[in-house]
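S.K.: As a plain string of letters, each chain reads:
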Amino acid sequence: MSLRLRLSLILGTAFVLIWALAATWMFRDLRSQMMFSLDQRLVASARMVAGLVDRLPQPLSAQGEGTRFSADQWSIPDGIACQVSSLRGEILARSHGNADQVLDDQRTGFHDQEIEGEHWRSFTLARDDVRITTADRELEREALNRSVLLAASAPVLMALLGSIAMLWLGIGKGLAPLNRMCEALRKRDVDALEPLALKSLPSELQPLLETQNQLFLRIGRTLERERQLTGDAAHELRSPLTAIKTHLQVARMTAGLAHEQALGHAEEGADRLQRTLEQLLLLARVEGSLSFDDGAPCSAERVARLAIGDARPEDRWRVELHVPPRLPSIALGMPSTLAVQALRNLIDNALRHSPDQAPVWLTLATEPGCVCFTVRDFGPGIAAQDLEHLTQRFWRSRSSTGCGLGLAIVQAIAQRCGCTLHFDSTEDGLRVSFKVPFRPV
Amino acid sequence: MHVLLCEDDDLIASGIVAGLNAQGLNVDRVATASAAQAMLQAASFDVMVLDLGLPDEDGIKLLQRLRHKGEALPVLVLTARDSVSDRVAGLQAGADDYLLKPFDLRELCARLHTLQRRVAGRTLNMIEHGPLQHDPSTRQTWLAGQAVDLSRREQALLYALLQNRGRVLSGEQLKDSVYGFSDEVESNALNVHIHHLRRKLGNGIVETVRGLGYRLGPAQAAAQEPQ
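Protein chains in written order, with this note's numbering: chain A, -14 to 426; chain B, 1163 to 1389.
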């Protein structure tokens, strides 16, 4: 149901209800006022007749039967019947010629009576020796009442209909900005991400539009990043695949030494593809919501030794581990597999970027609530403008031979486990500090 | 055919070089855009195979710059970027063809031959020159219907002359076509190949233009190989 219809229905129903109540109240009032006025008319008519009777030169009763006054003579309003009778019950005068229609006048005051199937409202006044009764037909009273009510209800009904129409139009007009927004959204391409440009929106809708546009912007950026990442991943996977395919084809075309060489190269490509795939999958696991087995709680020193143990045997001796004498053996607050993985990548990176035979230092230090692993190499360091790219997926320095995922994985692990990663580059090498919180006791 | 390969990935590059060599093409490989530019100035090439993800510059930019300078060398772009917009951008920047990684070496070779054919304005791979017929893609040569057996270098020499019909090629240019830039060549090696070619296809096939270089001459069907 549209907002316009909904609002119109709610407000319209309320309008109709209130107007109906008011109208009922008014009609009831009007009716009783009307009846009262008609009754007053009966009384006034009776008094007028009584006054006339008083002023007659001889008492009406003395004139005897047969003397009649017609209603026309007395100028009594149309529809009112009048009857003058003596105390004994004989009728002295009456406005209606029909002798059978005798008004009951035994009691004074107002009465409802039925005469020959017609309902009458009568008023009887006793004065000296005569009774004066005035009456009018209920039918006429009701007809009068109805016409008054009809006259009164027509403007009320018109006003009500007018109000509802105005309500419908007004709500439509008031909701127009919302409709404009809806229309603009509906017309958009499903994949469109450019911000909505709508002029002169009311203040209530401005925040909505702004949030919406910011969302579009964010989604756009995310999509762009994902697209970039997919493109990069495709490139990283295609390159070794190309190498493998090319060398296999070369192997088919050649013989002897060239054939052997080509097969060797193809294998090298397969190794590269495997490394890249493993790193990509690890990154996806770390960034995703998959859980890692916490394993046995592991101390900082043990993690460091495990990570060094994973280095290539020919490089392992280059890594120097510096452990302070009184390092508390508190367990780390992250799965040990991830801690080892992060350190392994940092050590691998350091070994890659320092000259052959140059040492790599791995230093452990405690800080309040956490332990700080620092990996320091003696390579050329890294340019300040490249520092921010270090943890970007698939970014690698010009001289690097890695797949560009190692530090991105460390960063993802740090984010996942509440660790901090900091790079400090000087001319004599790069220092990477990786702070891991202790396991809460 | 003398090919300049611009590819930063050593493993892929070595594969392409070996594969194209095996199909009778001479390939010189560079790893960066700046090296490619230097190489283009130093030697003459028939075609360039360009990877877009170069470490020092985007391949598209290099291509645009080359085209801006009026370089007419046919360029085949070889890349892992597969979106339509990438391909359109590559072609608009002046690429003559576009091949996605991973590719088939035979397809690469066929496309390079096609590019050459187009440059020479031919509709068929077969080059005809009087009674001489040469198909560079299958590396077969016929003289008056008789198959002629040519070595790889001789084929390269013949191809360079046929591709530049009517033009004089310097000794250096011919040497680039036959050997590639990086090969160390003895000073008279080219003369040896010219001699062999004349012996197999008639004395007139290579005309010497004194002081300038060499030019394709008429093939002589009557030429008989001395026994």
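Certain hints may be false.
To be verified - Not the full set, but computed from the structure, chain B residues with beta-carbon under 10 angstroms of chain A: (1) I1174; (2) Q1203; (3) A1204; (4) D1248; (5) V1250; (6) A1251; (7) L1253; (8) Q1254; (9) D1258; (10) D1259; (11) L1267; (12) R1377.
Said to hold, decoys possible - Taking beta-carbon pairs under 8 angstroms as the criterion, some of the chain A residues facing chain B (in silico): (13) T196; (14) Q197; (15) N198; (16) L200; (17) V235.
It is worth saying that the hints were derived from the structure and are not from the lab. In this text, a Cβ means the ideal position worked out from N, Cα and C, and glycines have one as well.
S.K.: Taking the hints in turn, state whether each one holds.
M.R.: Hints, one by one, checked against the model:
1. I1174: holds (5 angstroms)
2. Q1203: Given a least distance of 23 angstroms, the restraint on Q1203(B) is violated.
3. A1204: violated (23 angstroms)
4. D1248: Since the shortest Cβ distance to chain A is 9 angstroms, the answer is holds.
5. V1250: violated (15 angstroms)
6. A1251: violated (13 angstroms)
7. L1253: violated (18 angstroms)
8. Q1254: The hint is violated - Q1254(B) has no Cβ within 10 angstroms of chain A, the shortest such distance being about 19 angstroms.
9. D1258: Since the shortest Cβ distance to chain A is 21 angstroms, the answer is violated.
10. D1259: Hint violated; D1259(B) Cβ to chain A Cβ min 17 angstroms, cut 10 angstroms.
11. L1267: The hint holds - L1267(B) has a Cβ within 10 angstroms of chain A, the shortest such distance being about 4 angstroms.
12. R1377: Hint violated; R1377(B) Cβ to chain A Cβ min 34 angstroms, cut 10 angstroms.
13. T196: Interface hint status for T196(A): violated (30 angstroms vs cutoff 8 angstroms).
14. Q197: Not OK, violated: Q197(A) not within 8 angstroms of chain B, min 27 angstroms.
15. N198: For N198(A), the interface hint is violated, since the closest Cβ of chain B sits about 25 angstroms away, which is over 8 angstroms.
16. L200: Constraint on L200(A) not satisfied, violated at 25 angstroms.
17. V235: Interface hint status for V235(A): holds (4 angstroms vs cutoff 8 angstroms).
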